[in-house]
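With chain A fixed as given, assemble chain B onto it according to the hints.
Protein chains in written order, with numbering that gives the first Met the number 0: chain A, 0 to 703; chain B, 0 to 703.
Incorrect hints may have been included.
Identical copies go unnamed one by one, so any copy, or any two together, can satisfy a pair.
Said to hold, decoys possible - Derived DSS-like pairs (lysine-lysine); straight-line CA-CA distance at most 30 angstroms:
hint, residue 1, residue 2
1, K482, K699
2, K614, K633
3, K629, K667
4, K513, K476
5, K208, K482
6, K559, K519
7, K519, K580
8, K562, K580
9, K451, K614
10, K364, K150
11, K339, K110
12, K339, K77
13, K430, K150
14, K513, K208
15, K150, K427
16, K372, K482
17, K371, K339
18, K150, K428
19, K22, K364
20, K77, K364
21, K614, K580
22, K472, K687
23, K428, K41
24, K77, K340
25, K699, K473
These aren't lab readings, by the way, just hints derived from the structure by calculation.
There are 2 protein chains.
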Amino acid sequence: MRHELDYIFRPRSVAVIGASRRKGSIGHVILHNILTGEFNGKVFPVNPTTSVIHSIKAYSTILDVPDAVDLAVIIVPKEHVKKVVQQCGEKGVKGVIIISAGFSEVGPEGKARELEVLDVIREYNMRLIGPNCFGVLNTDPEVSLNATFSKLFPKPGNIGFITQSGSMGEAIMSHANELGIGFSVVASIGNKADISSNDLLEYLKDDPKTDIILMYLENFGNPRNFTPMAREVSLTKPIVAVKSGRTRLGSKAVSSHTGALGGMDVGVDALFEQTGVMRVDTVDELFNVAAALSIQPIPKGNRVAVVTNAGGPGILATDALVNSGLEMPDLTPETVEELKKFCPAEASFSNPMDMVAGAGAKEYKMTLETIKKDERFDIILPIFVPPVICDQLEVAQNIVEALSDTDKSIYACLLGSGEDTTGIEYLKKHKIPVYIFPEAIAKTLATIHGYKAWLNRPQGEFRTFDVDNARVKKIIKKTVKGKEGTIVGEEALEILQAYGIQAAGYCYANSADKAAAIAKDISYPVVMKIATPAVLHKTETGGVIVDLRSDAEVRDAFEKLKKRVGKLKEGEQFSVAIQRKVSGAVETIIGMTTDPAFGPLMMFGLGGIYVEVMKDVAFRINPLTDQDAKDMIKSIRSYPLLTGARGAPPVDLAYVEETLLRVSQLVKDFDCFFEIDVNPFIVSPDRKNCTAVDARFIVKDCKF
Amino acid sequence: MRHELDYIFRPRSVAVIGASRRKGSIGHVILHNILTGEFNGKVFPVNPTTSVIHSIKAYSTILDVPDAVDLAVIIVPKEHVKKVVQQCGEKGVKGVIIISAGFSEVGPEGKARELEVLDVIREYNMRLIGPNCFGVLNTDPEVSLNATFSKLFPKPGNIGFITQSGSMGEAIMSHANELGIGFSVVASIGNKADISSNDLLEYLKDDPKTDIILMYLENFGNPRNFTPMAREVSLTKPIVAVKSGRTRLGSKAVSSHTGALGGMDVGVDALFEQTGVMRVDTVDELFNVAAALSIQPIPKGNRVAVVTNAGGPGILATDALVNSGLEMPDLTPETVEELKKFCPAEASFSNPMDMVAGAGAKEYKMTLETIKKDERFDIILPIFVPPVICDQLEVAQNIVEALSDTDKSIYACLLGSGEDTTGIEYLKKHKIPVYIFPEAIAKTLATIHGYKAWLNRPQGEFRTFDVDNARVKKIIKKTVKGKEGTIVGEEALEILQAYGIQAAGYCYANSADKAAAIAKDISYPVVMKIATPAVLHKTETGGVIVDLRSDAEVRDAFEKLKKRVGKLKEGEQFSVAIQRKVSGAVETIIGMTTDPAFGPLMMFGLGGIYVEVMKDVAFRINPLTDQDAKDMIKSIRSYPLLTGARGAPPVDLAYVEETLLRVSQLVKDFDCFFEIDVNPFIVSPDRKNCTAVDARFIVKDCKF
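Here chain A stands alone, though its shape is the one from the complex (with noise of 0.2 angstroms):
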């Protein structure tokens, strides 16, 4: 049975609708691209004033055409596209591209009128690449499919490109050409009215002839969709994105800590973290790291050894290695043992090995040679340099002859030297990557390291706790009037007690008095806060004294904060809030941010100055699975603070884990959660002792 897509990517007929004789127009333009590609299928151009174009019977309209049409390419002006997608539908086609402009990328009524095509679209099970996007191709030669308007039809590799912007596509695929890098499809997917990057990364995750996804997005359509897709297809086929960080709140006024701290690029770098999908920044890296691992399965390990004619180069490479987190063991005394038989006693026994100027293509074979047999490496890196009398083919050969039979990842650098030497042709034929600097080597290096232990790390799973949804509805309905407001104080503590999180209460106090009595009460030490809620960030104007011993010592910070506080408003009281210190303890931040890309992102840090000052947070895209959240609490520098830095007790880990998969699960039961603020979350070595202290809950759009 023929996949959906197929009728896209593999269609046995296409119509041209719009197709033109006017030279240089797009549809001149795609129906030669189409014909010169020779496309393994009829080609039927729809064009109701003209009855030839390209010296083939043209059409009408679709429904003129005799035989059955499996896609249409739509290039007709924007206000007849509806129409002729009307037409293809009536006629039975299966696919539909449209190229044309106008639609939801020039504002409301251009919206509109793409709502209205898509109706139709709908209505006949058709699929749609498109609007406003730059064609499709497969190189595929059973399809050899050029459906686009470039200028150049890839040659057949085994990299499958999706792009949302026809116009970096373009330039990607023609840079792409210069390096002699191939492509088995690429698409443009325009407005991305129907068909998204993630239903091509579903297809492309089974199409045969694509082993490497390489992907050009502004945004990501459904992120709640592409996370799960995205982490699925990069388990078997690696998936290499250029993504640009276009996700900051802008001007937007934040009043969280978590919104504060979530724009800009914390979304993309979450999902690329959970998906494996390997970001890099610019197009030369997405071709460095392309190049490689089209041509090379992924490296065992991370151990590389350096061999190269020349000191300079190989200091380079080996900063970059290193600096990149790449390692580079010393060869085995076996290993030199064997070198110091035929290399010069001036070369570098060591790693990088340096041969030195005088090596040619037989030192490289047998020097090659003798390092393959080291198990301390995965990688071998040879570096030359041209020296005066060079043959670098013959290098180049030798390089190839030494190495290979052997399992071990090979990557070359041949300096001095342009893009497209003999020898570096004959490597590439040989399946070595060639880099002309090292620089890029570790880079890709690294790019691709990271892949792998994202492959090897543990997946991760959603876990599910029992909780008091009900109740949370009913303190949002309490609270909230209207769609939108802030929970605070009592009511906040009270939503995270229904999911299962340990939460005190305060005592307030509003006299030193009582202040005193409270304190007494729950015993000493204890913390005192402004509680007045006209003060919101209170810890930022001095507004928490911690670690309060005596009754003197209460009465004293009670009338300090009350001078900080200064005149209130008229009707406003000031008052306390009073808990007792839990020692040994660690204020943590658990957050949530709602980004316009990606929704919600979750986010943990150490509390106070670590997420005030510091900014050391950790977003994740929710929701979170138990690995996710593992990792992010991993991940902030601060992370030595809980495993018991300084000679303290480690705190209870998995309390922590625990508690931010259960504001994960609410957070996700919960869509009207615009922020959260749980903060302070005090973690402490006994679970007992772990509770949330503070919470803010920002409703936006709440339905009920």
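Only chain B this time, still in chain A's reference frame:
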């Protein structure tokens, strides 16, 4: 008067000693390069075994050359080098380049050989480049010297290039050639026996043909000299450097905090911070920056207007620019109004200004002419993606025409095209740097902007304080037996006091009674630490208890600490140090570590967990200017804790700065200090309460 390096870079006559008839040999290639490079002077091949090379008369020795010789290029085997250098001296040669290898790069024997040669050089007052180098070249038509064995002679340009690695030099020149970038002077410095990168920087500073200096360095011969020289040159000519970060302390055991943190790249980063040298990570970045600086002045500011005909690259550019710290203000209402007169309604009148796909050459011209009048911008970044019907050259011409008379900086991005289209050529010819992908522009602008910020900041001064040098010498003499040793406790604090730094002594107690008596005496609250020498990093083993407020708490603390230390070795006695707790105070650490490449590095950070767990510290190369001290204090992430985060009063920053400078002076005055920790150095709002509480000096190679 000729500069002494003019004899090397602008010689009137050159002898090639070791010139050879053997094709492909270095002696053959160099003579060939000088001849085919059309050297504007006389060339004399020297070879005892032949009388003619390349149809030129060859001489047996340089002494046989009838004319005066400015420069000798030596390619003879290493054993003969000393002899021919001696002859050069006798002949009155002023400059020598030794290409031959086999000197200090191959170990002690070669080092000895190099020193012997250097003796001869010094004896005759000659200057030497090399040995073990690649040669030098000068493209100035008045000179036109290619005394290298490179395969190419670069085109003339305004970039001076100093390279430590010959092979990287060749690779970089080859890459520059592909990009159409020219050089004024190229110098490969090899082993730097005499002339170092510092000498060359000094020379290029005054070379009228050189506007920009590129450096490829593996290490700094004498960074103490490099720092002031680079600082001075950077003020008039930008320096761009690729420097690998190979400065780690390796496996050497370090026992101080500062030492443990001072590995890897901190020295290089500090050097570049202090000298204004633009450090780039890759050769590609080197050229992106060099290409821009070689044809355009430094932008006046960092506000960028992006003008594009495609949304995708506009977004990519925006992300990259904003992430790189550049600003993208909105267009002024006047500009928008003007643009609306001729741009289509679908255009997006913001920044990026997206003219949408229909925009051609005319639209680029009109839009750019409007935006160049907008005072909100310093830089204009036109992005052009070729649509189907495209004349890239025409667009390029219109960009140039529109922007020829503006003082704003122009950086163009031409996507989807190769590296050398006619449009790209046209823009470059008209002094507009062109890039294929927008991220490269963002990174380039960020690097240049960093340089501009360095140029604009106060350069700072070296301050000298009245100190008691003799007292420090006495303490070192008294406490260090032999050449090495560690100074701790009272003596360490006394060293600081001798340099005018407030340092509070401890009171020691070996019983709970005594501890309680001391505490009462200095008045509560107090801090108690383990003082038993066996316990080194006290805070890491829970050896400090702060904020003790009563007799009972002091006694309790004493017993607790005693228990934590456990069983002591024979002869050791448990004791604690007690100090008054200063309120409103912040613990900082001031330190020094000796980097093998850079010498003494000063360190500053917040103490305790900030240094131990968060590793939040700043390094600068000693000696510090007052500006360096200011900068390093400001650059730590936890800086807000010093200026009054969370409602606390700000500490006396001027005193912190002064203390850093006093320690800097101490380090400069005594080169026997290998590592220093002043930890904690308590700082507080009141200068009276700023005090060093503990210090450690590690002494090595003590000369007295």
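Inset, instruction - Measure nothing new, just compare the shortest in-copy and cross-copy C-alpha distances for K339 and K77 to 30 angstroms and report within, between, both or neither. - result: Classified as between: cross-chain Cα gap 23 angstroms, same-chain 74 angstroms, threshold 30 angstroms.
Inset, instruction - Check K428 against K41 for me: Cα-Cα at most 30 angstroms, and say if that holds within a copy, between copies, both or neither. - result: neither (35 angstroms within a copy, 48 angstroms between copies)
Legend entry - K364 and K150: within-copy, between-copy, both or neither at 30 angstroms Cα: between (43 angstroms within a copy, 25 angstroms between copies)
Legend entry - 30 angstroms Cα threshold - placement of K364 relative to K77: Between copies only: 28 angstroms across, 63 angstroms inside.
Inset, instruction - Could you place K699 and K473 in one of the four classes (within, between, both, neither) given a Cα distance threshold of 30 angstroms? - result: within (16 angstroms within a copy, 71 angstroms between copies)
Inset, instruction - Check K451 against K614 for me: Cα-Cα at most 30 angstroms, and say if that holds within a copy, between copies, both or neither. - result: Close inside one copy (29 angstroms) and across copies (28 angstroms); limit 30 angstroms.
Inset, instruction - Tell me, please, which holds for K614 and K633 at an alpha-carbon limit of 30 angstroms: within, between, both or neither? - result: both (15 angstroms within a copy, 16 angstroms between copies)
Legend entry - K208 and K482: within-copy, between-copy, both or neither at 30 angstroms Cα: Neither way: K208 and K482 sit 50 angstroms apart in one copy and 70 angstroms across, limit 30 angstroms.
Inset, instruction - At 30 angstroms max between alpha carbons, let me know whether K482 reaches K699 within a copy, between copies, both or neither. - result: within (6 angstroms within a copy, 71 angstroms between copies)
Inset, instruction - Since the copies are identical, ignore which copy is meant and state whether K339 and K110 lie within 30 angstroms (CA to CA) inside a copy, between copies, both or neither. - result: Classified as between; 22 angstroms across copies, 72 angstroms inside a copy.
Legend entry - Alpha-carbon proximity between K559 and K519, which holds within one copy, between copies, both or neither at 30 angstroms: both (19 angstroms within a copy, 26 angstroms between copies)
Legend entry - K430 and K150: within-copy, between-copy, both or neither at 30 angstroms Cα: both (28 angstroms within a copy, 29 angstroms between copies)
Hints 4, 5, 14, 16 and 23, counting from the list given before, are not met by this structure.
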